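A.B. asks: Sequence lines, in order, name chains H and B.
For the first sequence, this note's numbering begins at 15 and goes up steadily by one.
For the second sequence, this note's numbering begins at 34 and goes up steadily by one.
Calculated from the structure, these hints are not laboratory results.
Just so you know, not all the hints are guaranteed correct.
With a straight-line cut-off of 25 Å between C-alpha atoms, the simulated BS3-like cross-links for lysine-lysine are [stated by the list, open to error]:
#1 B:LYS447 with B:LYS433
#2 H:LYS51 with H:LYS137
#3 H:LYS224 with H:LYS192
#4 H:LYS19 with B:LYS74
#5 B:LYS356 with H:LYS267
#6 B:LYS127 with B:LYS87
#7 H:LYS330 with H:LYS312
#8 H:LYS19 with B:LYS384
#9 B:LYS149 with H:LYS235
#10 B:LYS41 with H:LYS55
#11 H:LYS50 with B:LYS41
#12 H:LYS50 with B:LYS48
#13 H:LYS391 with H:LYS364
#14 H:LYS137 with B:LYS457
#15 B:LYS384 with H:LYS192
#16 H:LYS19 with B:LYS82
#17 H:LYS19 with B:LYS122
#18 H:LYS51 with H:LYS102
#19 H:LYS51 with B:LYS74
#20 B:LYS85 with H:LYS137
#21 B:LYS51 with B:LYS74
#22 B:LYS87 with B:LYS173
#23 H:LYS235 with B:LYS457
#24 H:LYS266 with H:LYS125
#25 H:LYS372 with H:LYS267
#26 H:LYS102 with H:LYS127
#27 B:LYS127 with B:LYS149
For clarity, every value in this text was computed on a predicted model and none was experimentally measured.
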Amino acid sequence: MSLGKLGYYNPDKPMENRITDIGPPHYYVMFPPVIKKNYGKWLYHEIVETGIIKRVSETGDTIWVIRCGAPRFMSVEHVREICDIADKYCDGYVRFTTRNAIEFIVTSEDKMKALRDDLMSRKHVGGSYKFPIGGTGAGITGIVHTQGWIHCHTPATDASGMVKSVADDLFEYFRDMKLPAKLRVSMACCLNMCGAVHCSDIAMLGYHRKPPIVDDEWIDKLCELPLVVAACPTGAVSLGKTESGLPTVKIKKDRCMFCGNCYTMCQCTPLADKEGDGVVILAGGKISNRISPPKFSKVVVPYLPNEPPRWPSVVKTVRQIVEAYARDARKYERLGDWAERIGWERFFEKTGLPFTEKSIDDYRLAYDTYRTTTQFKYTEHAWAVSKAVGGI
Amino acid sequence: MTAEELAKVAEEAIKYRKEELGVKTEVKYEEVRIYTDEELKNYTDEDIKAFKCKHDIPDLLELEKGPWPSFVSDAIREAVHRRNLPDDKVLMAKDCVEDLLGQLQLSYIDKETHWKHGGIVGVFGYGGGVIGRYSDAQEKFPGIWAFHTLRINQPASKFYTTDYLRALCDIWEYRGSGLMNVHGSTGDIVCLGTVTEQLEPMFFDLTHDLGVDLGGSGSNLRTPSCCMGKALCEFAMFDTQDMCYELTMHYQDELHRPAFPYKFKFKFDGCPNCCVASIARADMSYIGTWRDEIRIDQEAVRAYVAGEIPPNAGAHAGREWGKFDIQREVIDLCPSKCMEWDGKVLKIDNKECVRCMHCINVMPRALRVGEDTGISILFGAKAPILEGAQMSLLTIPFMKSERPYDNVKELVDKVWEWWMEEGKNRERLGELIQRFSLQKFLEVIGVPPMPQMIKEPRSNPYVFWKEEEVPGGWERTIEEYRKRHPR
Chain H
15 MSLGKLGYYN PDKPMENRIT DIGPPHYYVM FPPVIKKNYG KWLYHEIVET
65 GIIKRVSETG DTIWVIRCGA PRFMSVEHVR EICDIADKYC DGYVRFTTRN
115 AIEFIVTSED KMKALRDDLM SRKHVGGSYK FPIGGTGAGI TGIVHTQGWI
165 HCHTPATDAS GMVKSVADDL FEYFRDMKLP AKLRVSMACC LNMCGAVHCS
215 DIAMLGYHRK PPIVDDEWID KLCELPLVVA ACPTGAVSLG KTESGLPTVK
265 IKKDRCMFCG NCYTMCQCTP LADKEGDGVV ILAGGKISNR ISPPKFSKVV
315 VPYLPNEPPR WPSVVKTVRQ IVEAYARDAR KYERLGDWAE RIGWERFFEK
365 TGLPFTEKSI DDYRLAYDTY RTTTQFKYTE HAWAVSKAVG GI
Chain B
34 MTAEELAKVA EEAIKYRKEE LGVKTEVKYE EVRIYTDEEL KNYTDEDIKA
84 FKCKHDIPDL LELEKGPWPS FVSDAIREAV HRRNLPDDKV LMAKDCVEDL
134 LGQLQLSYID KETHWKHGGI VGVFGYGGGV IGRYSDAQEK FPGIWAFHTL
184 RINQPASKFY TTDYLRALCD IWEYRGSGLM NVHGSTGDIV CLGTVTEQLE
234 PMFFDLTHDL GVDLGGSGSN LRTPSCCMGK ALCEFAMFDT QDMCYELTMH
284 YQDELHRPAF PYKFKFKFDG CPNCCVASIA RADMSYIGTW RDEIRIDQEA
334 VRAYVAGEIP PNAGAHAGRE WGKFDIQREV IDLCPSKCME WDGKVLKIDN
384 KECVRCMHCI NVMPRALRVG EDTGISILFG AKAPILEGAQ MSLLTIPFMK
434 SERPYDNVKE LVDKVWEWWM EEGKNRERLG ELIQRFSLQK FLEVIGVPPM
484 PQMIKEPRSN PYVFWKEEEV PGGWERTIEE YRKRHPR
């Protein structure tokens with residue numbers, strides 16, 4: 015073990031004993047023996063109850079994988095408790111999934127039952143579950159998310175708080191498999207999207223709505239001005255001079271689409287704002303190639319306000335979409351497939367979400383998303399247009 | 034690879050790590066632990082109940098309620114634990130977790146972040162893996178005035194021994210905040226919060242005691258990641274862990290020393306179900322596929338039809354969907370309509386199959402992926418910043434993927450050479466392909482065009498013909514033209 019402020023590091027000889035370019039530990043060391051033995055030999059799996067997957071190998075071995083939800087932000091104390099559990103039931107092995115779930119693997123049904131009961135009995139002093147079991151099959155998994163206000167410099171909202179609020183509300187769908195198909199909910203706190211929220215069944219995305227403020231006094235000292243200009247995808251940023259003659263940039267405010275790329279390049283063009291920032295809701299994306307090709311999520315609600323700590327408007331809107339989908343979609347139909355089958359006009363009708371001009375694309379290749387057929391369904395949206403031109 | 038082949042490959046790779054790289058390949062917690070048992074178990078539930086954070090955090094306490102695991106409750110537990118640790122057993126501010134909660138509460142009031150922009154810090158010789166972070170409210174929250182991030186490269190598929198995790202926990206609690214993301218979106222364990230002077234000691238501990246390196250950040254190869262693959266899943270069609278590990282090791286220089294126009298991601302999905310979202314997130318997506326026939330166990334198909342086995346591995350058990358109807362649930366949903374069921378035998382016209390996985394997902398005990406397996410390679414996915422979101426485009430339909438993956442590495446090198454030559458600052462590969470054309474990209478990687486690369490042929494005739502493609506070339510004189518067509 016290394017103790018003391020510097021540990022193994024000697025600042026006088028920084029290259030001494032330096033190890034570099036070694037990559038990650040070899041995965042094989044981390045495999046439990048039963049995984050080593052049955053690698054590539056799995057025959058089939060079966061979800062025996064929500065969150066518990068039985069996997070059967072051609073060697074005759076059977077394992078039970080118990081999947082628990084987790085906030086991806088966790089302390090070493092939480093990880094140590096995971097280790098205590100893995101030591102007690104799983105011979106000291108554990109794994110995590112891409113969607114931040116914890117998976118405990120056991121080799122007998124008795125152990126599975128004991129572990130299951132143990133996990134569900136563990137609660138934080140504050141009352142929430144520590145290791146809720148679920149997230150399999152036709153339900154929702156944990157909501158993957160980004161840093162938000164907790165540790166990022168560009169967010170338009172918080173991630174952990176919003177996700178906790180939505181996950182609390184959708185908990186029944188995590189603990190059960192009563193949806194038509196799996197439903198993936200994801201969250202990113204700005205459109206840099208540290209995560210694949212752009213292909214999720216439901217995505218919550220932090221977004222700015224006020225153009226950058228230019229820190230005229232400092233921008234030329236701290237940033238490369240041509241880079242800031244080049245960073246803007248709509249050409250809204252140009253070189254300019256302050257009143258006192260300092261080099262700076264000018265923003266054509268009506269051309270700003272609030273992407274924040276200039277701020278990523280330069281700290282002197284901040285966008286964050288209490289009233290400006292909020293949340294976009296997108297729906298209907300997927301990454302799997304099953305039945306239909308992968309699809310992007312579409313903007314169905316262009317803006318909801320930031321309402322910490324519980325984001326009630328976001329929670330309500332997400333639930334509205336989930337419930338309409340759960341009521342109406344066919345077995346195996348992902349949210350986007352459902353919306354396409356019934357038509358997006360019906361999607362807005364059935365979810366009760368208002369359709370606004372902001373769901374109509376006006377960025378690049380927008381025309382590709384316009385409908386160029388006489389095939390449509392009559393909804394209130396359609397009658398409103400007919401009335402507007404005196405057609406009825 | 035079979036389990037037996039994998040064991041041999043692993044043995045060699047581990048030997049290489051030990052002997053050539055000179056690193057620890059197996060972590061024994063007892064050898065590297067920093068805290069005693071007493072120090073670890075230094076608080077009770079009563080202490081947590083009695084805890085009063087040094088800042089007022091009413092909005093965060095609201096987030097302790099509800100069933101989903103509360104990150105606030107967890108952070109409070111860590112705060113209590115840190116308070117009770119001996120002063121010489123934490124090198125980062127003892128109350129940094131409380132200050133973090135305080136600053137988050139302030140953001141909940143201000144509805145704006147209080148983290149400053151950037152700050153270039155790192156470890157010697159690397160250009161990535163560490164992200165600088167400073168509070169803009171340092172007077173109020175001195176414990177997090179600097180709160181840098183370290184990305185720790187995860188083992189493939191995120192399997193861990195508890196020895197390894199406990200050792201990491203001790204090191205990170207000692208030299209950092211004890212807070213982390215398990216895991217970050219790209220795949221690393223993300224350690225959140227330490228000061229600049231602890232970066233090098235932390236890096237030495239990681240490499241010496243855990244045998245692990247930093248992950249990628251900035252304009253470099255980001256930490257590659259893969260699905261659970263053959264370790265747990267019957268659908269996996271190539272060795273996702275091994276390929277992920279091998280390519281990560283082969284491209285260590287590109288991972289640690291940013292020399293690219295922007296980030297570049299590899300992701301490895303064992304089958305078209307795409308559990309790691311390679312098709313949405315990776316500049317180069319590797320997705321397992323097969324080219325022979327779906328294996329059918331007709332008896333098991335009949336068992337599904339008879340209701341003896343729950344369809345879709347029991348995924349719909351939470352609702353009454355009625356009796357399983359193979360015609361409606363499988364045959365009619367097949368996207369290429371290549372299946373038939375006559376009441377006794379299931380037939381699949383395999384050459385028309387597009388391998389979407391639906392029938393296999395619904396009847397995993399009756400249908401299995403083929404045996405002649407490999408990978409499809411797709412290029413160019415990215416999130417919307419900047420030109421709009423793009424998904425990876427199907428470029429290589431099928432390729433054998435076998436150690437040492439030289440065919441794949443050759444392809445990677447060609448792509449990078451072009452992108453590094455032509456790519457603009459912050460231009461992802463997909464955007465470069467868009468700017469130049471798919472045709473140009475195919476020329477770069479040296480493959481012919483195929484209709485599988487497009488959804489449909491172009492509807493405009495604006496072809497950029499090349500001079501050499503037109504008989505007689507482009508050089509003409511107006512005099513010759515006028516001889517035929519007087520003015």
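A.B. asks: Run every hint past the structure and note whether it holds.
C.D. replies: Now the hints, each set against the structure:
Under the criterion of a C-alpha separation no larger than 25 Å, the hint pairing LYS447 (chain B) with LYS433 (chain B) is consistent with the structure, at around 18 Å. Restraint check: the Cα-Cα separation between LYS51 (chain H) and LYS137 (chain H) comes to about 35 Å, which exceeds 25 Å; the hinted pair is violated. Between LYS224 (chain H) and LYS192 (chain H) the CA atoms are separated by roughly 41 Å; this puts the pair beyond 25 Å, and the hint is violated. Pair hint LYS19 (chain H) plus LYS74 (chain B) holds up; C-alpha atoms about 24 Å apart against a cutoff of 25 Å.
For the given pair, LYS356 (chain B) sits about 59 Å from LYS267 (chain H) by alpha-carbon distance, which is inconsistent with the 25 Å threshold. Between LYS127 (chain B) and LYS87 (chain B) the CA atoms are separated by roughly 12 Å; this keeps the pair inside 25 Å, and the hint holds. Restraint check: the Cα-Cα separation between LYS330 (chain H) and LYS312 (chain H) comes to about 18 Å, which is no more than 25 Å; the hinted pair holds. Taking the CA atoms of LYS19 (chain H) and LYS384 (chain B), the gap is about 64 Å. The hint is violated against a cut of 25 Å.
Of the pairs offered as hints, the one joining LYS149 (chain B) and LYS235 (chain H) holds, with about 17 Å between alpha carbons and a cut-off of 25 Å not exceeded. About 17 Å separates the Cα atoms of LYS41 (chain B) and LYS55 (chain H), which keeps this hinted pair within 25 Å; it holds. With a C-alpha separation of about 11 Å, the suggested pair LYS50 (chain H) and LYS41 (chain B) falls inside the 25 Å cut-off, and the hint holds. Taking the CA atoms of LYS50 (chain H) and LYS48 (chain B), the gap is about 17 Å. The hint holds against a cut of 25 Å.
A C-alpha spacing of about 13 Å is found between LYS391 (chain H) and LYS364 (chain H), which places the hinted pair at or below 25 Å, so the restraint holds. Restraint check for LYS137 (chain H) and LYS457 (chain B): not satisfied, since their Cα atoms lie roughly 51 Å apart, outside the 25 Å limit. For the proposed pair LYS384 (chain B) and LYS192 (chain H), the alpha carbon gap of about 35 Å is over 25 Å, so the pair is violated. Taking the CA atoms of LYS19 (chain H) and LYS82 (chain B), the gap is near 33 Å; set against the 25 Å cutoff, the hint is violated.
Pair hint LYS19 (chain H) plus LYS122 (chain B) holds up; C-alpha atoms about 10 Å apart against a cutoff of 25 Å. Of the pairs offered as hints, the one joining LYS51 (chain H) and LYS102 (chain H) holds, with about 21 Å between alpha carbons and a cut-off of 25 Å not exceeded. Of the pairs offered as hints, the one joining LYS51 (chain H) and LYS74 (chain B) is violated, with about 36 Å between alpha carbons and a cut-off of 25 Å exceeded. Distance check on the hinted pair: LYS85 (chain B) and LYS137 (chain H) sit about 20 Å apart at the alpha-carbon level, within 25 Å; holds.
Of the supplied pair hints, the one linking LYS51 (chain B) and LYS74 (chain B) is violated, its CA atoms being roughly 34 Å apart against a limit of 25 Å. At most 25 Å may separate the alpha-carbon atoms for a hinted pair to count; LYS87 (chain B) and LYS173 (chain B) meet this at roughly 11 Å. Restraint check: the Cα-Cα separation between LYS235 (chain H) and LYS457 (chain B) comes to about 24 Å, which is no more than 25 Å; the hinted pair holds. Distance hint between LYS266 (chain H) and LYS125 (chain H) is unfulfilled; the C-alpha atoms sit about 64 Å from each other, more than 25 Å.
For a cut-off of 25 Å, the pair hint linking LYS372 (chain H) to LYS267 (chain H) stands: about 18 Å separates their Cα positions. Note on LYS102 (chain H) and LYS127 (chain H): the hinted pairing holds, with a Cα-Cα distance of about 13 Å set against a maximum of 25 Å. With a C-alpha separation of about 22 Å, the suggested pairing of LYS127 (chain B) with LYS149 (chain B) holds against the 25 Å cut-off.
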